[in-house]
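Visitor: Letter by letter, the chains look like this.
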Amino acid sequence: MKIDQKLKEKIVKNINLTMDKNSDYVDVRYLSSDNSESIMLYNGNLEANDTTFESGIGVRVLYKGAWGFAATSNLDAIETCFSQSFDNAKTASKLVNVPLKMNKKPSHKSKFISPILIDPFEVPLKEKLDFLISLDDKLKEEWILQRVISANFQKKHTYFFSSEGTEVERKLFNVFASINIMALDDEGQMQSRTHDLFTTGKGTRGWEMLIEPDLFSGNIDKIKSELSELTKAPSLEYAKRSVILLPSQAWLQVHETIGHPLELDRILGYELSYAGGSFVDLDSFGKLQYGSKKLNVSAFGGIENSPGSFGFDDEGSPERNYMLIKDGLLVNALTSRAMISEANQKAGKEIFKESGGAARATAFYRAPIDRMTNVNIQPGNDGTLEDIIANTEDGIIVDFPNSWSIGSNREHFHFGCEIAWEVKKGKVTRVLKNPTYQGHTVEFYNSLSAVGDESTWHVGQVNNCGKGEPNQVMQLGHGVPVVKFDNVITGERK
Amino acid sequence: MIDNTTKNIILKVRDIAEERNIVASFSLHYENSHLMRIGNNSVSLSTSEELTRMDIEVTNGLRQGSHTQMGEIRSVEQVIESLEIAYEKALVAKEKDYKPIEDEVEEIFVENSQNDNKFNDLTPDFKAESYSKIFNSVGNNYNFSGSWSSGTTEQFIVTTKNKNSAYLVGTDQIFTIVLKHPVKSWEITATQTGWKKSDFDLDYVIKELKMYVDYYENYPATQIDIKDYTVVLGPQAIAEVIQMAIFTGFWGRTYEEKQAWTSKNSIGDKVLGENITISDDPLNDLTFKSCFDFSGQKRVKRNIVEDGKFVSLMYDSTTAAKFKREKTGHDTSSFSITVNTGSDVECPIDAVKDMEEVLYIPALHYINLPSVSKGIFTGSSRFNALLVRKGKVVGPIYSSRITDTFQNVFGNVAKISKLAKSVNLSNTYGRRAPVAFSVPNYMVCEGVKITDCAESF
Ligand SMILES: [Zn+2]
Chain B
1 MKIDQKLKEK IVKNINLTMD KNSDYVDVRY LSSDNSESIM LYNGNLEAND TTFESGIGVR
61 VLYKGAWGFA ATSNLDAIET CFSQSFDNAK TASKLVNVPL KMNKKPSHKS KFISPILIDP
121 FEVPLKEKLD FLISLDDKLK EEWILQRVIS ANFQKKHTYF FSSEGTEVER KLFNVFASIN
181 IMALDDEGQM QSRTHDLFTT GKGTRGWEML IEPDLFSGNI DKIKSELSEL TKAPSLEYAK
241 RSVILLPSQA WLQVHETIGH PLELDRILGY ELSYAGGSFV DLDSFGKLQY GSKKLNVSAF
301 GGIENSPGSF GFDDEGSPER NYMLIKDGLL VNALTSRAMI SEANQKAGKE IFKESGGAAR
361 ATAFYRAPID RMTNVNIQPG NDGTLEDIIA NTEDGIIVDF PNSWSIGSNR EHFHFGCEIA
421 WEVKKGKVTR VLKNPTYQGH TVEFYNSLSA VGDESTWHVG QVNNCGKGEP NQVMQLGHGV
481 PVVKFDNVIT GERK
Chain P
1 MIDNTTKNII LKVRDIAEER NIVASFSLHY ENSHLMRIGN NSVSLSTSEE LTRMDIEVTN
61 GLRQGSHTQM GEIRSVEQVI ESLEIAYEKA LVAKEKDYKP IEDEVEEIFV ENSQNDNKFN
121 DLTPDFKAES YSKIFNSVGN NYNFSGSWSS GTTEQFIVTT KNKNSAYLVG TDQIFTIVLK
181 HPVKSWEITA TQTGWKKSDF DLDYVIKELK MYVDYYENYP ATQIDIKDYT VVLGPQAIAE
241 VIQMAIFTGF WGRTYEEKQA WTSKNSIGDK VLGENITISD DPLNDLTFKS CFDFSGQKRV
301 KRNIVEDGKF VSLMYDSTTA AKFKREKTGH DTSSFSITVN TGSDVECPID AVKDMEEVLY
361 IPALHYINLP SVSKGIFTGS SRFNALLVRK GKVVGPIYSS RITDTFQNVF GNVAKISKLA
421 KSVNLSNTYG RRAPVAFSVP NYMVCEGVKI TDCAESF
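Chains as they are written, first to last, in our numbering: chain B, 1 to 494; chain P, 1 to 457.
If you're looking for bench data, these hints aren't it; they were derived computationally from the structure. Remember, predicted model here, so these are calculated numbers, not experimental data. Honestly, I wouldn't trust all of these hints.
Said to hold, decoys possible - DSS-like, lysine-lysine: derived pairs with alpha carbons at most 30 Å apart:
1) Lys264/P / Lys140/B
2) Lys184/P / Lys161/P
3) Lys138/B / Lys99/P
4) Lys232/B / Lys6/B
5) Lys202/B / Lys353/B
6) Lys99/P / Lys140/B
7) Lys126/B / Lys324/P
8) Lys128/B / Lys21/B
9) Lys101/B / Lys349/B
10) Lys353/B / Lys326/B
11) Lys258/P / Lys494/B
12) Lys13/B / Lys90/B
13) Lys109/B / Lys2/B
14) Lys240/B / Lys374/P
15) Lys324/P / Lys140/B
16) Lys133/P / Lys346/B
17) Lys346/B / Lys184/P
18) Lys494/B / Lys374/P
19) Lys210/P / Lys264/P
20) Lys301/P / Lys222/B
21) Lys171/B / Lys104/B
22) Lys197/P / Lys301/P
23) Lys111/B / Lys101/B
24) Lys196/P / Lys94/B
25) Lys161/P / Lys327/P
26) Lys128/B / Lys99/P
27) Lys8/B / Lys171/B
28) Lys309/P / Lys494/B
29) Lys232/B / Lys264/P
30) Lys94/P / Lys138/B
31) Lys94/B / Lys301/P
32) Lys184/P / Lys94/P
33) Lys118/P / Lys197/P
Chain B with its partners taken away, still in its complex shape:
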């Protein structure tokens, strides 16, 4: 679908008119379609069978260092939307202590389409249901009390225009899915095992991803047998020991304690009234030993297939591939244009060279903020999961988060997981239920003692990262290997 020429002319004309009123910068996102479909089978009952369609325009105006934003789903009201956005910026400019700047960028005209083979919205509902029902049939057991299979498909068609003359057209696709089963343990507590659709980072991300057994349905027998073991397992006892995180847990650890604290708007204090701040400050870059020498963290990481791979961000910057943490040393952040200019100005030196392409908005009616793209731990040299287990004296392996609670500056954390396996003298000895672990971020990453190789690495897909006011849910990815940390507090004090 091409953008209607008249509409495009109207947008460009209004950008120019708004610039004529002494605006510093203007950009517009027009979402010609934003489709979402949710299907959920709960104990075989189709409890969600929903589609959502949104379409509209969002206008952002920078005037004397202050942002104004307005959005409308009514394309006949574009002029009003521009003037409301301009008026909002003008009011905002009356209370400006730190004027925001968009350092000039050359314009470009670009396109991006998520790699897909089969558009999930072209697959008939009947076929989708038949597939999910066939999985549900495999889950059925007398002792399994709850079976939840869910799938969510997303398709966005976005046009971006800026006062610099940049135009970007994007078609983004996402497929998320999850299988969750629950059963009562021998003490009458509900235990749970979950498998989320993941990607290898390569290949395509249409319907074909969901029906690839290795990524999704092929894990059913594994989670069933693990749940069965959990129902008879003892609880994890409180102790300091090594903790080995499988990728389905490690991605959330990275998300909460590396991703969020490295969002530059958060570091600069723009999220204090909601999400919180960061223990990282502008002085930390190039100085803070965030983790042990084994810790190498990238942004984007060239991953072609992930919800965090989107070509260009919502201010038209290309997504970039760069290191956030190198050999444990903090070197960069997740950034957008206005935030890097403010940070460099504040620091009195150039810490950040160019935007990391991380300005993202969840919908046409929300203004972009600094988000994660793909934040990844690079594979290491400590071998396979088996190798890491063999080199562990006293520890646990944990998988899949069921609780996460993080300090407001991301300086400390507490995680609960679905399952743990005890490791003694290099061998897995038994399954343990109700595992939790906690720590202080910098101390924890400095205790990183093993990083698994490529064979242990996969990309977790995230559909629900929340941030910002008004709140925005964002989709992103984390490529992570198996990782091991030593001397971690596990379990709860009696």
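Position chain P with the ligand against the provided structure of chain B, taking the given hints into account.
Guide: Frame of chain B; chain P with the ligand shown alone:
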């Protein structure tokens, strides 16, 4: 706004659906809102939204399908198009193993009891000026952040079951300010909420911030020992922990599916302290009220916990149908949860003047549930948290984590304030859906587990 033309289009399509023997419900949601964000003593964003969403659900015997469309309602044809989408989905859908309860607007409802006609005066200029006054009064040397969201929400619901309609119009605002010390990094906050413009009280905000600035500037900070404490929870912490407790303990579905921390109990069992009474009270003006739910059922006051005994559960339509229970008006996001006040003094610091050592933790950051079955929650202190000895403030505490059970924390409450506070629990992730709980100004909880304390705020 949802004007008569729009309503008539929806009513016309409802009639067409009825003629075609389609069982459907139609729900229109309209919001007109403004949000100002503050960062680094500046307005970092001033944003307006005006959005209309239409939800249509079709029930075809044991099959259901639904569709949501955003955009102005302009014609009958446009609404029929959305109806067709939902209808097609309901034709293909898998049959349920229970009969869904069809939505039905029980009577003609009009809920307009919280619609302030002075709300238009809550302009972006007024907000910017108010923030500016606060900075100037409390001290421009501090770093201020905040947000101020205000808006009007309208809702209109009809079904093919009958000719009734339900309509709600209401205003709501939430104001937040965070003050951070630029070097020492401590943070304090003040919030205000309500449905009237006058619920924002500038002088009170300034007074509150100044009081905490005094504590944080003039008293030394403590990294507390990891042990059990008497903890005075403030309104935000009470509301958020109670929210978790009721949805994992008294939500019909969680209970019936044996996932709840109350699942081993029966109605009438004592699960919390006998000084705890919790209700859902849609007439409480400290909450955002709605006299009907999305399914069209009338909402009435219901006790959930009475003197520590749990006396009823909350059932939405799906759970009621599935487990063959009566639904209770809980197909809603507008919960009016009310935690009864006690008889103790209004001020938390006065309340603990005879107690050796207590922690005052008014709000918990990032609460989560490591074990729902056991009722374990965890979260950490952030703003305005103090160590108090014999009613005297010793000073602020570093970020400290509580990991404990609902049963313990709300089972050992020594004192409850006689003052009720409204705590706004709305989020703005999707559509505007204001929700506020009414809770005591504080609860003094004995033997609470502190499980971690950071080396900084
Ligand atoms: Zn997140």
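Visitor: Hint by hint, say whether it matches the structure.
Guide: Evaluated hints:
Distance check on the hinted pair: lysine 264/P and lysine 140/B sit about 24 Å apart at the alpha-carbon level, within 30 Å; holds. About 62 Å separates the Cα atoms of lysine 184/P and lysine 161/P, which puts this hinted pair outside 30 Å; it is violated. Restraint check for lysine 138/B and lysine 99/P: satisfied, since their Cα atoms lie roughly 25 Å apart, inside the 30 Å limit. Using a Cα cut-off of 30 Å, the hinted pair lysine 232/B and lysine 6/B is violated, with the two alpha carbons roughly 66 Å apart.
In summary, the hint linking lysine 202/B to lysine 353/B is supported, as the alpha carbons are separated by about 29 Å, within the 30 Å threshold. Note on lysine 99/P and lysine 140/B: the hinted pairing holds, with a Cα-Cα distance of about 21 Å set against a maximum of 30 Å. Between the alpha carbons of lysine 126/B and lysine 324/P the distance comes to roughly 29 Å, so the proposed pair stays at or under 30 Å and holds. For a cut-off of 30 Å, the pair hint linking lysine 128/B to lysine 21/B is broken: about 51 Å separates their Cα positions.
Distance restraint check for lysine 101/B and lysine 349/B: the Cα-Cα separation of roughly 16 Å lies within the 30 Å cut-off, and the hinted pair is therefore satisfied. A C-alpha spacing of about 17 Å is found between lysine 353/B and lysine 326/B, which places the hinted pair at or below 30 Å, so the restraint holds. About 25 Å separates the Cα atoms of lysine 258/P and lysine 494/B, which keeps this hinted pair within 30 Å; it holds. Between the alpha carbons of lysine 13/B and lysine 90/B the distance comes to roughly 20 Å, so the proposed pair stays at or under 30 Å and holds.
For the given pair, lysine 109/B sits about 15 Å from lysine 2/B by alpha-carbon distance, which is consistent with the 30 Å threshold. For the suggested pair lysine 240/B and lysine 374/P, the alpha carbons sit about 23 Å apart, so the restraint of at most 30 Å is met. Distance hint between lysine 324/P and lysine 140/B is fulfilled; the C-alpha atoms sit about 23 Å from each other, no more than 30 Å. A hinted pair counts as satisfied when its Cα atoms are at most 30 Å apart, and lysine 133/P with lysine 346/B qualifies at roughly 25 Å.
Of the pairs offered as hints, the one joining lysine 346/B and lysine 184/P holds, with about 18 Å between alpha carbons and a cut-off of 30 Å not exceeded. A threshold of 30 Å between alpha carbons decides the hint, and for lysine 494/B with lysine 374/P the separation of about 14 Å falls inside it, so the pair holds. For the proposed pair lysine 210/P and lysine 264/P, the alpha carbon gap of about 48 Å is over 30 Å, so the pair is violated. With a CA separation close to 47 Å, the supplied pair lysine 301/P and lysine 222/B exceeds the 30 Å bound.
With a CA separation close to 26 Å, the supplied pair lysine 171/B and lysine 104/B stays within the 30 Å bound. The suggested pairing of lysine 197/P with lysine 301/P holds, with an alpha-carbon distance near 27 Å, which does not exceed 30 Å. A threshold of 30 Å between alpha carbons decides the hint, and for lysine 111/B with lysine 101/B the separation of about 26 Å falls inside it, so the pair holds. The suggested pairing of lysine 196/P with lysine 94/B holds, with an alpha-carbon distance near 26 Å, which does not exceed 30 Å.
About 17 Å separates the Cα atoms of lysine 161/P and lysine 327/P, which keeps this hinted pair within 30 Å; it holds. For the hint pairing lysine 128/B with lysine 99/P, the CA-to-CA distance comes to about 23 Å; that is within 30 Å, so the pair holds. With a CA separation close to 17 Å, the supplied pair lysine 8/B and lysine 171/B stays within the 30 Å bound. About 27 Å separates the Cα atoms of lysine 309/P and lysine 494/B, which keeps this hinted pair within 30 Å; it holds.
At roughly 19 Å between alpha-carbon atoms, lysine 232/B and lysine 264/P fall within 30 Å of each other, so this suggested pair holds. For the hint pairing lysine 94/P with lysine 138/B, the CA-to-CA distance comes to about 17 Å; that is within 30 Å, so the pair holds. This hinted pair does not check out: lysine 94/B and lysine 301/P have alpha carbons roughly 46 Å apart, beyond 30 Å. Taking the CA atoms of lysine 184/P and lysine 94/P, the gap is about 59 Å. The hint is violated against a cut of 30 Å.
Taking the CA atoms of lysine 118/P and lysine 197/P, the gap is near 6 Å; set against the 30 Å cutoff, the hint holds.
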